[in-house]
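Visitor: Chain order of the listed sequences is A and B. For the first sequence, position 45 matches number 45 in our numbering, and the numbering has no gaps at all. For the second sequence, position 79 matches number 79 in our numbering, and the numbering has no gaps at all.
No lab work stands behind these hints: they were computed from the structure. One or more of the hints may lead you astray.
[Stated by the list, open to error] Quick list of in silico lysine-lysine cross-link-like pairs, DSSO-like style, CA-CA up to 30 Å:
1. B:LYS115 with A:LYS388
2. B:LYS115 with A:LYS395
3. B:LYS115 with A:LYS373
4. A:LYS395 with B:LYS66
5. A:LYS395 with B:LYS64
6. B:LYS186 with A:LYS39
7. A:LYS408 with B:LYS151
8. A:LYS418 with B:LYS103
9. A:LYS388 with B:LYS66
10. A:LYS395 with B:LYS65
11. B:LYS115 with A:LYS418
12. A:LYS408 with B:LYS64
[Stated by the list, open to error] Not close to chain A: a few residues of chain B, all C-beta gaps over 12 Å, as computed:
13. ILE3
14. TRP21
15. ASP88
16. LYS176
17. MET203
Glycine included, each C-beta is placed from N, C-alpha and C at the ideal position.
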Amino acid sequence: MAASVHVCNTLEEKLTILADAAKYDVACTSSGSDRRGKKGSLGNAFSAGICHSFASDGRCISILKILLSNECIYDCKYCLNRRSNDHPRATFTPEEVCTLTVEFYKRNYIEGLFLSSGIVKNPAYTMEQMYRALYLLRTQYHFRGYIHVKTIPGADPEIIERTGYLADRMSTNVELPTREGLETLAPGKTHQKILAPLRQIQSGIGQHRLSQGKSPRLERHQINAHLPGNIFERAQALELEEKSARAMAIMPSSEASFVPAGQSTQMIVGATRENDYQLLMTSQALYQRFDLKRVFYSAYVPLNEDALLPEKDTPVPLLREHRLYQADWLLRYYGFSAEELLSPEKPNFNVLLDPKCDWALRHLEIFPVEVNKASYDLLLKVPGIGVKSAMRIVKARRSGTLDFDGLKRIGVVLKRAKYFITCKGKMMYHIPIEEDFLTRQLTGEDARTTWEMGHPQTYRQLSLFDDMQLVAPPTVEDTKKTLQGQL
Amino acid sequence: MVIFTCADDFEAMLTCIYDAWAARLGHHNIRLALEPVEEMELFASYRSIPADPAKAEKVAASIKKKISPAAFRMVYGAALHESREKLDAIYRFLVYGFHFGAKVLDMLGEPVVSKVFSLQRKVQNETHFFREFTRFSLVPPQIYFAQIEPKCQVLPLLAPHFVDRMPSEYWIIADKRRRVAAVHPKDEEFYLTSLTDEELTQMEAAREGADPFVSLWKSFFAAIGIEQRRNARCQRNMLPLWYRKHMTEFQ
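Bound-form chain A, shown alone (with noise of 0.2 Å):
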């Protein structure tokens, strides 16, 4: 391949290619762990996270989110870093990633690492190659800032529980929620292969929480306390392995810590035919079974050209994306299970409304619900009021009861929620609780973002030839300049 045979010397040169070939990579959170920091170190971590910047595509930007090496010997179709792109490739040392990490800490620009990486000769050696990053982070640099680092599937277990206890987030990318979508798309790889070490780095640190007297299973939001039958509480209890002999033999010392901030995983959104329903049931599985932290989602941009692939013009699902955050945080916060977001008959999420407002007038008979007397989980289910408003609700109406104006006060947005509840059993307005009316309402008010989520292209500078139709006669010159074969 032509492009393999430039290589690529300086840091910045290799930073670019690297970065940009891990930008893909959704999850860009530095949460879940918290450490102080300790003289002659550098570095804590902070629990709720910190963003450090947003990127021209408005995403957040945590941690310096980079791959070891963009060289990779598997095909899968949907990879930018696929083997038969030609595309150029470099590959960092442990050092140079160092380096970077620590450097931009000092600097306030990231939180932390996230290490990921194409497959190099094979899984085995390119997961020590990661393993001797983090170490050398962790043990030469000082380092006690956020790492996320991802498992490789394939590689050996001991080199991935050995890497449990620097970093403080492994994941595994699903990629794909089913077997058939996995099996067209990524030929080299197997759901097995990827749930084996899901499994793993589950167990390990289910065992070293028991170790640690905690449960077994990770803290969730406190909110879940409250509400009866979210999903987590429904989960069964985990499967844990048995603790190996080698697992003993690796644990560093009592007080280390193994992947704290839990594990993730992402999912692609809209390169195969599944609907929103598998999608959403899979995310549900995987935090009931698996227990995970968080489950990614991440609109596919199409970038090869295939023949089992969308078109290379079809517009990026942000919209579908969207909703199926929604969706999730629904789940994790709100007491909310898959099957009653949807449904077989119903497998897809509403464009116009997120999926809360169309459970809610899907329900109707609840509403409205009276703001001073209603339990977390029914005000939870308002449209509007969110985990932080419940909680202010709550302890706001200890002390008096609230009105409309109370409730504005304690800053709860009633654009939405007024439709929905009554303030000592009175509405804001005089508004008939029927579904076609409050589809119409709450429809509008959203129209406006839906839309350009929905077209994110739609605006742009009118073209005097494209849009009217119209065609210049081309000039000499122009005829001249394709003949020299200069355009």
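Since chain A is already given, all that's left is putting chain B on it; use the hints.
Guide: Below, chain B without anything else, positioned relative to chain A:
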């Protein structure tokens, strides 16, 4: 109407609250305001209160004891706000606080409580923005220097975060608007100090072009955005232009 005035600094404000309370004129007959008073009122007398550490200490102790330590943190947060009305708002809040005790913090439906709550929330939010968006650059030999221009006085809340984050580095954060700097020598506690114009320009000149990682960061920042998802409006929502003034990647 008697109006008690004091300088915009926490100790002076607590002293002012002490004297206003001790004057026993009735809460409705007094007001508290910050100096300089912009428009004097005709039918009011003004009393300027100088800072007194002993009185301030008493007020601080009784807020912590009679209301709660959380209430003290809230008052301290509100006192860092840029608003001119914060002092009076804090006084009204304390009247409620000393009457109701610790549960006053939950009474968010009350206008006097929600006022102080929203003042301190603004300060906390802005502090968090600067946790995110403060940018250091290397000044030879080995000092990390940052400049900020916050609306509220966030430096006292911001500096402890960076002390924990970089305990063994020499760093300085300068609040350009107030000419105050937080200075943190290696392995020591930080301190706040005032800053002259010359010192500021000197630091600015010294860091010019000295940091090799600036261009690396810029190219990373450019590479990480996905062109097909370009969305300047979302970017502006998350990171308002106002904060970009001293950010490396936007310079």
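Visitor: So, for every hint listed, does it hold in this structure?
Guide: Evaluated hints:
| no. | hint | verdict |
| --- | --- | --- |
| 1 | B:LYS115 with A:LYS388 | holds, 18 Å |
| 2 | B:LYS115 with A:LYS395 | holds, 16 Å |
| 3 | B:LYS115 with A:LYS373 | holds, 25 Å |
| 4 | A:LYS395 with B:LYS66 | holds, 20 Å |
| 5 | A:LYS395 with B:LYS64 | holds, 21 Å |
| 6 | B:LYS186 with A:LYS39 | holds, 9 Å |
| 7 | A:LYS408 with B:LYS151 | holds, 24 Å |
| 8 | A:LYS418 with B:LYS103 | holds, 28 Å |
| 9 | A:LYS388 with B:LYS66 | holds, 28 Å |
| 10 | A:LYS395 with B:LYS65 | holds, 22 Å |
| 11 | B:LYS115 with A:LYS418 | holds, 23 Å |
| 12 | A:LYS408 with B:LYS64 | holds, 29 Å |
| 13 | ILE3 | holds, 26 Å |
| 14 | TRP21 | holds, 24 Å |
| 15 | ASP88 | holds, 18 Å |
| 16 | LYS176 | holds, 17 Å |
| 17 | MET203 | holds, 15 Å |
Going through the hint list in order, the structure satisfies each hint without exception.
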